[in-house]
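Asks: For reference, the chains in residue letters:
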Amino acid sequence: MTAHVTELLAPASAGTLDASESERVAAHLAECPACAARALEWRQLAEAMRRLPQPRPQPALVARTREAVEALVAERAERAFNRAALAFVVGLAWTLAIFGWLVFDLVAGELALRLARPIGSAAAWYAAYLLAGWLAAGAAAVLLGRNVQEGRTV
Amino acid sequence: MEADREDAAKLLRGDTSGLAGLMTRHQDRLFRYLLRLVGDPSVAEDVFQQTWLQVAEKIRRYDAERPFAPWLVTVARNLALDQLRRLRPVSLEEADEPAAPASGSDPLERAMTRQTTARVDAALGTLGPLDREVLSLRFEDELELPELATTLGVPLPTAKARLYRALERLRGKLLTPASAGERR
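Quick note, the sequences are listed as chains A and B, same order.
Quick note on numbering: the first sequence equals residues 4 to 157 in the numbering used here.
Quick note on numbering: the second sequence equals residues 383 to 566 in the numbering used here.
Since the hints were derived computationally from the structure, they do not count as laboratory data.
The reader is advised that the hints may include incorrect statements.
[Said to hold, decoys possible] Covered by chain B, according to a simulated footprint, are these stretches of chain A (three or more residues, beta-carbon under 8 angstroms):
1) 46-54
2) 97-107
3) 137-144
[Said to hold, decoys possible] Far from chain A by the CB rule (all over 10 angstroms, computed), these chain B residues:
4) Glu-384
5) Glu-388
6) Ala-402
7) Ala-438
8) Glu-447
9) Asp-503
10) Leu-517
11) Gly-535
[Said to hold, decoys possible] Now the in silico label distances, taken between C-beta atoms and shown as ranges:
12) B:Arg-407 x A:Pro-36: 43 to 49 angstroms
13) A:Ala-71 x B:Asp-523: 35 to 41 angstroms
14) B:Arg-470 x A:Gly-136: 20 to 26 angstroms
The beta-carbon is built from N, C-alpha and C at its ideal position, and this holds for glycine as well.
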């Protein structure tokens, strides 16, 4: 009789033996009723595993999950849009600030000529003008952000 | 796989119709996997939802050249194991004492004659999460050993050893009538 194959019976039931091992098991089972009986038990166990009830998610869970993911995706899209919009606005603001200085310098020079007296440092006026502009823009952004947050929580 | 790839690309673009397709194809398998792994329907539901949220968050990391299902299971597995560690900070290998070794074919034969699918289900519930996981992946999802190893994130010999050990434990539970009826 060939050697017992006890250690191969679990792998056999799991269908994970290679060809040579399968042949060895088949040859032994043909001549060993004890191992054949054990192999049958293992097979029954494996078949029972394959017949287990198949639980499925409740439709309410699926619907809830879809809603949650859709909300997340929408929020992510909104954040991406906000980031792009912010980058555009900041870029535009700096462009205007740089070109604005040239215009401001020209206008201030012209004004001083027409008034025939100095009007103070054009750079200082321009810095004050910029500072006021940035503060106003910042305050507007904060107020807008708060309104959006309140709208979401209502 | 092509449908998964297209739906993943849609989701990446922020189109949630992609999510609907992915969920329709994978939700049943995912839920069953999670339920086997965590053993508790309410925890499984929680992790199910977290998994899809993570899928939406991390869809950029999904390699569309590979099948979607194993990636999904990996995401779910990490979340489920984290959750299990929080809920039960002990070894995930086994739920309780090691199964009694098989002692001859007669008791097992008797047990197997009596056994029903429900009994195996109950015995499965008494195993540790990792045992339930590997058995479910092999017998219910019918993953081949290499896929099984990839999904578990372990080398092939480890996956094999884990599968056979889980089978032995399940068999041991069926031989021990007292433990087979209890769920965890």
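Asks: Would you mind marking each hint as holding or not holding in the structure?
Replies: Verification of the hints:
Taking a C-beta to C-beta cut-off of 8 angstroms, the region 46-54 of chain A contributes 7 residues in contact with chain B, enough for the three needed, and the coverage statement holds. Coverage of the region 97-107 of chain A by chain B is violated. Counting CB-CB distances below 8 angstroms, 0 residues qualify, and the rule asks for three or more. Coverage of the region 137-144 of chain A by chain B is violated [criterion: at least 3 residues with CB-CB distance below 8 angstroms; count 0]. The beta carbon of B:Glu-384 is kept farther than 10 angstroms from every beta carbon of chain A, the shortest such distance being approximately 22 angstroms.
The non-interface label for B:Glu-388 is consistent with chain A: the shortest C-beta to C-beta separation is roughly 17 angstroms, beyond 10 angstroms. Residue placement check: B:Ala-402 does not keep its beta carbon more than 10 angstroms from all beta carbons of chain A (closest about 7 angstroms). Listed as outside the interface, B:Ala-438 is inconsistent with that label: its C-beta sits roughly 5 angstroms from the nearest C-beta of chain A, within the 10 angstroms cut-off. For B:Glu-447, the condition that its CB be more than 10 angstroms from all CB atoms of chain A holds, with the nearest at approximately 23 angstroms.
The claim that B:Asp-503 is not at the interface with chain A is violated, since a C-beta of that chain comes within 10 angstroms of its own (minimum 5 angstroms). With a least beta-carbon separation of about 6 angstroms from chain A, B:Leu-517 fails to lie farther than 10 angstroms from that chain, contradicting its non-interface assignment. Even its closest Cβ contact with chain A, about 19 angstroms, leaves B:Gly-535 beyond 10 angstroms, as expected for a residue assigned away from the interface. For B:Arg-407 and A:Pro-36, the hinted distance range of 43 to 49 angstroms is satisfied, since their beta carbons lie about 46 angstroms from each other.
Distance hint check for A:Ala-71 and B:Asp-523: the Cβ-Cβ separation is about 25 angstroms, which falls outside the suggested range of 35 to 41 angstroms. Evaluation of the 20 to 26 angstroms hint for B:Arg-470 and A:Gly-136 yields a failure: the beta carbon distance comes to about 59 angstroms.
Violated hints for the displayed structure, listed by number in ascending order: 2, 3, 6, 7, 9, 10, 13 and 14.
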